[in-house]
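**Student:** Chain by chain, the residues run as shown.
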Amino acid sequence: MNRVAVIGGGMTLFRRRLLETGKELSFLAAKMAMEDSGIEKKDLDMVVMGSAPDAFDGIHMKGENLLDGAAATNKPYVRLFNGGGTGVFAPIAGWWHVASGVADTVLVVCEEKMSSCFPHPQTAFQHIWDPILDRPLHPNLVWLFAMEMNRYMTMHNIKKEDIALVAVKNKRNAVGHPSAQLPDEKITVEDVLNSEIMAWPVQRLDISPPSDGASALILCSEDRAKQYTDDPIFIDGVGWNIDSTMWTNRDLYFPRYVANAAKMAYKMADIHDPKKEIDFAEPYDPFDYKELHHLEGLLLCDKGEAPILTREGVTQRDGKLPVCPSGGLLGVGNPIAATMGQKVCELYWQLSGKAGKRQIPTDPQVGVGQAWGDIMQMGTVIVMRRG
Amino acid sequence: MTFYEKQTDPSSPMHWLGDMQADYLYPNGKAGDKLFKHIKENDTFLASKCINCSKIFFPPRLYCEDCFVEILEKDWFEIPSTGKIRLHTIVTINTYGEKLNEPKMIALIDIDNTDGALLGIIKTDNIDENLIGRKVEAVFKSKNQREGTLKDILYFKMR
Ligand SMILES: [Zn+2]
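Protein chains in written order, with the numbering used here: chain V, 1 to 387; chain E, 388 to 546.
Think of the hints as simulated: they come from the structure by calculation, not from any bench.
Be careful, since some hints might not be right.
Just so you have them, the derived chain E footprint on chain V, three or more residues with Cβ under 8 Å [as the list claims (entries may be wrong)]:
# : segment
1 : 34-45
2 : 116-127
SDA-like, lysine to any residue: derived pairs with alpha carbons at most 20 Å apart [claimed, not checked]:
#  : chain 1 : residue 1 : chain 2 : residue 2
3  : E       : 417       : V       : 68
4  : E       : 442       : V       : 59
5  : E       : 436       : V       : 59
6  : V       : 31        : E       : 453
7  : V       : 42        : E       : 499
8  : E       : 417       : V       : 32
9  : V       : 42        : E       : 439
10 : V       : 31        : E       : 440
11 : E       : 442       : V       : 74
12 : V       : 42        : E       : 454
13 : E       : 417       : V       : 13
14 : V       : 31        : E       : 471
15 : V       : 31        : E       : 459
16 : V       : 42        : E       : 456
17 : E       : 417       : V       : 248
18 : V       : 75        : E       : 454
19 : E       : 427       : V       : 19
20 : E       : 417       : V       : 17
21 : E       : 471       : E       : 512
22 : V       : 31        : E       : 462
23 : V       : 75        : E       : 453
24 : V       : 31        : E       : 436
25 : V       : 42        : E       : 440
26 : V       : 31        : E       : 457
27 : E       : 442       : V       : 40
28 : V       : 31        : E       : 454
29 : E       : 417       : V       : 40
30 : E       : 424       : V       : 59
31 : E       : 417       : V       : 15
32 : E       : 421       : V       : 17
33 : E       : 436       : V       : 73
34 : V       : 75        : E       : 512
35 : E       : 442       : V       : 68
36 : V       : 31        : E       : 439
37 : E       : 421       : V       : 19
Note that the Cβ used here is the ideal one computed from N, Cα and C, for glycine as well.
If we strip away everything but chain V, and leave its shape as in the complex, we get (with noise of 0.2 Å):
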């Protein structure tokens, strides 16, 4: 396998709503990406497109209508998601490219606008679902992450209070990022024990907001980076699972398939104890909970333990493990792929020291990215490392 080099990152504004159409916002994120690293249309070999399901842009067949944007047109091109996963799933499928040796230089494209979906995006994810089993009961996405988070507070004991804060820190991380949503300096735990209970004991401050966006990453064999850059980036592991869709089957309070995704990339990357080897972390937290979830299905460390390490501080951006440094899904938006932004893009932009005022300042080296999607059940991790 060759390795895979990150070379070019860029990220749009993310926002409710957006004048652009998902083509253009895909046109700016690439053309970001190209700057940075000094690529054109031209050098590239093949793109792959990352976007969530059609039915938020309103288009069946969405990756052809944003070809155009993705710098596509007449080269080998592919379109895929798996819902929330798509973020990290996209670059994923790039490394795949280029690692396999028929690419050399890849660019991946995230794209999402949600606003089309009127009144709201919720309405396209009630059919998600199960026809026969979950749908005749209306489910929302609220409420049953309600009871995966009432599920995961129940087993370890977890008070909303430290939950709340990592809504809180990623918050707050977010100032600072081009493209956030929803920076706020001046956030406490108390605001988000105070906002509007949706389905307890989520709180509206407890959730990312729907956005539109596009992010984008220049991905290429090693050989290739040297002609771009004397400081290369690497994709040095990657790994994917996913659970059974089926409730009854499933953990709830662990995401396994986290794991099992993290133990692929983790082995890959010649990664033997992930608590010492990772400087830092991008899980995904659309839901504040979820990043302590995820942080235990990382393996940073032991279940029950990611709120203990939250409220000591371990986690912020100058702790022992800083994570979601970008701010995170909560902070910055949440455009379903798009957020390879916080997730992807990030790990580059720290590593290469490209971060600005969000700059880890403890000079890190190894990072971790993660996503989570289709129904609750998918991971995809992502293991990047300087030099």
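Based on the hints, put chain E with the ligand in the right spot on chain V.
**Tutor:** What follows is chain E with the ligand alone, placed relative to chain V:
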């Protein structure tokens, strides 16, 4: 093994009846906004030109998909709403298989002075005539009825 295609009544197996709610609000986008604001007030079109390859886009775009460069404001210009029929078909039944009151000619029209084309309805007295290569011009709604969408163009007529 059950072969459902042998059943003539689709409701005969036990079932649950659901629908898919999917309503959409599609913004025109940056380039589309500029074009449709123009069409609302004028009987002409706008095009945008790539300074790298000189390709002239209609409908106008924010970027050239070949060169992957942004097209700036200064490279937008007004063009007449005229063109030539590249190809056409005559539609006689609708999507549900019902016969139309009168056949409808749909054409792809190469827009003059550009490298672009637009789908449009052709109004003609003799629908059986081969109209490929013929010159046409857009007929718009009256200005006070325009809404800034593609439907502001009613049809194309022979020049
Ligand atoms: Zn061009």
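**Student:** Are the hints correct? Go through all of them and say.
**Tutor:** For each hint, the structure was consulted:
no. : hint             : verdict
1   : 34-45            : holds (count 3)
2   : 116-127          : holds (count 8)
3   : E:417 with V:68  : 15 Å, holds
4   : E:442 with V:59  : 27 Å, violated
5   : E:436 with V:59  : 27 Å, violated
6   : V:31 with E:453  : 13 Å, holds
7   : V:42 with E:499  : 30 Å, violated
8   : E:417 with V:32  : 18 Å, holds
9   : V:42 with E:439  : 13 Å, holds
10  : V:31 with E:440  : 17 Å, holds
11  : E:442 with V:74  : 16 Å, holds
12  : V:42 with E:454  : 8 Å, holds
13  : E:417 with V:13  : 15 Å, holds
14  : V:31 with E:471  : 35 Å, violated
15  : V:31 with E:459  : 14 Å, holds
16  : V:42 with E:456  : 12 Å, holds
17  : E:417 with V:248 : 47 Å, violated
18  : V:75 with E:454  : 13 Å, holds
19  : E:427 with V:19  : 18 Å, holds
20  : E:417 with V:17  : 13 Å, holds
21  : E:471 with E:512 : 17 Å, holds
22  : V:31 with E:462  : 19 Å, holds
23  : V:75 with E:453  : 11 Å, holds
24  : V:31 with E:436  : 18 Å, holds
25  : V:42 with E:440  : 14 Å, holds
26  : V:31 with E:457  : 9 Å, holds
27  : E:442 with V:40  : 18 Å, holds
28  : V:31 with E:454  : 11 Å, holds
29  : E:417 with V:40  : 23 Å, violated
30  : E:424 with V:59  : 23 Å, violated
31  : E:417 with V:15  : 15 Å, holds
32  : E:421 with V:17  : 18 Å, holds
33  : E:436 with V:73  : 18 Å, holds
34  : V:75 with E:512  : 44 Å, violated
35  : E:442 with V:68  : 15 Å, holds
36  : V:31 with E:439  : 15 Å, holds
37  : E:421 with V:19  : 11 Å, holds
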